[in-house]
Amino acid sequence: MTAPEPGPAGRVPAGHVPAGSGIPVPEQGAWLRRGISRGGGPLVEDREVVWLQAGSYYADSRGFAGTTSFDGSHVHFHHLTGEPGEDAGTFRWDGANLVERGTNPDGSTFLEIWTPLPAADGACGSWSGPDHHVVRVGSHVVHVDSRAGTYWRL
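At position 141 of the sequence shown the residue is numbered 141 (the numbering used here), and the sequence of numbers has no breaks.
Think of the hints as simulated: they come from the structure by calculation, not from any bench.
Since we're looking at a predicted model, the values are computed, not measured.
Be a bit skeptical, because a hint or two may be false.
[Said to hold, decoys possible] For each label pair, taking beta carbons as the anchor points, the in silico distance ranges come out as:
{"id": "1", "residue 1": "45", "residue 2": "147", "range": "16 to 26 Å"}
{"id": "2", "residue 1": "48", "residue 2": "68", "range": "15 to 25 Å"}
{"id": "3", "residue 1": "105", "residue 2": "131", "range": "15 to 25 Å"}
{"id": "4", "residue 1": "44", "residue 2": "125", "range": "29 to 39 Å"}
{"id": "5", "residue 1": "147", "residue 2": "21", "range": "32 to 42 Å"}
{"id": "6", "residue 1": "55", "residue 2": "119", "range": "16 to 26 Å"}
{"id": "7", "residue 1": "37", "residue 2": "76", "range": "17 to 27 Å"}
{"id": "8", "residue 1": "37", "residue 2": "130", "range": "33 to 43 Å"}
Cβ coordinates follow ideal geometry from the N, Cα and C atoms, glycine included.
Make a model of the complete structure from these sequences and hints.
Shown next as C-alpha cells:
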C-alpha cells in the first residue's frame, strides 16, 4: 500500500482520506479479507474471511453480525449475534480495496485489507432471529449463530 501523492497545491486527490479520519463503509458490499496485521505485526492471511454489508446490517464469516454506525470518523461494528462486543475502525480507499485500522473489543489493534468480491450487485438484505443473523449481498450469503459464521456463494 502506498500513500496518495498530493495533487496541485498539496491537496490530497478526491477519494482519499487523510490519516486519522475515516469514511463510512459502502451501503452494499461483499468483501474478502486479503490480510490482517495484529498489533503492528506483518500482514498475513491464514483463512478465508468474508464480510457482507447490506445497509446498516453486516455479517462477518468469523462468527459475528449486527449493525454498523459511523460517528464522522470511525465505523462501529455492534456485534448483536455470535461473538459479543463491538469493534471500531477507520476506513480509507486504496484503489479498489478498503483499508481498515481498528481496535478489537479486548483493546488490541489491527489493520485489515478488504478487496471487493465479484457478483455483489443485485438482491441484498438482512434477516435475524433470536439466535442467528443472515446477510445476503448479490450472490453472497453469510449466516452467523452463537456457534460460528458460515459463508456461501450462490
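Structure-based check of each hint:
Between residue 45 and residue 147 the beta carbons are some 23 Å apart, a value that agrees with the proposed interval 16 to 26 Å. Look at residue 48 against residue 68: about 21 Å separates their beta carbons, and that is inside 15 to 25 Å. The hinted window of 15 to 25 Å between residue 105 and residue 131 holds, with their beta carbons roughly 20 Å apart. The given range of 29 to 39 Å is respected by residue 44 and residue 125, whose C-beta atoms sit roughly 33 Å from each other.
At roughly 37 Å, the beta-carbon separation of residue 147 and residue 21 lies within the given 32 to 42 Å, and the hint holds. At roughly 19 Å, the beta carbons of residue 55 and residue 119 sit within the given window of 16 to 26 Å. Against the hinted window of 17 to 27 Å, the Cβ-Cβ separation of residue 37 and residue 76 comes to about 21 Å, which satisfies the hint. Evaluation of the 33 to 43 Å hint for residue 37 and residue 130 yields a pass: the beta carbon distance comes to about 36 Å.
This entry satisfies every hint, going by the numbered hints stated previously.
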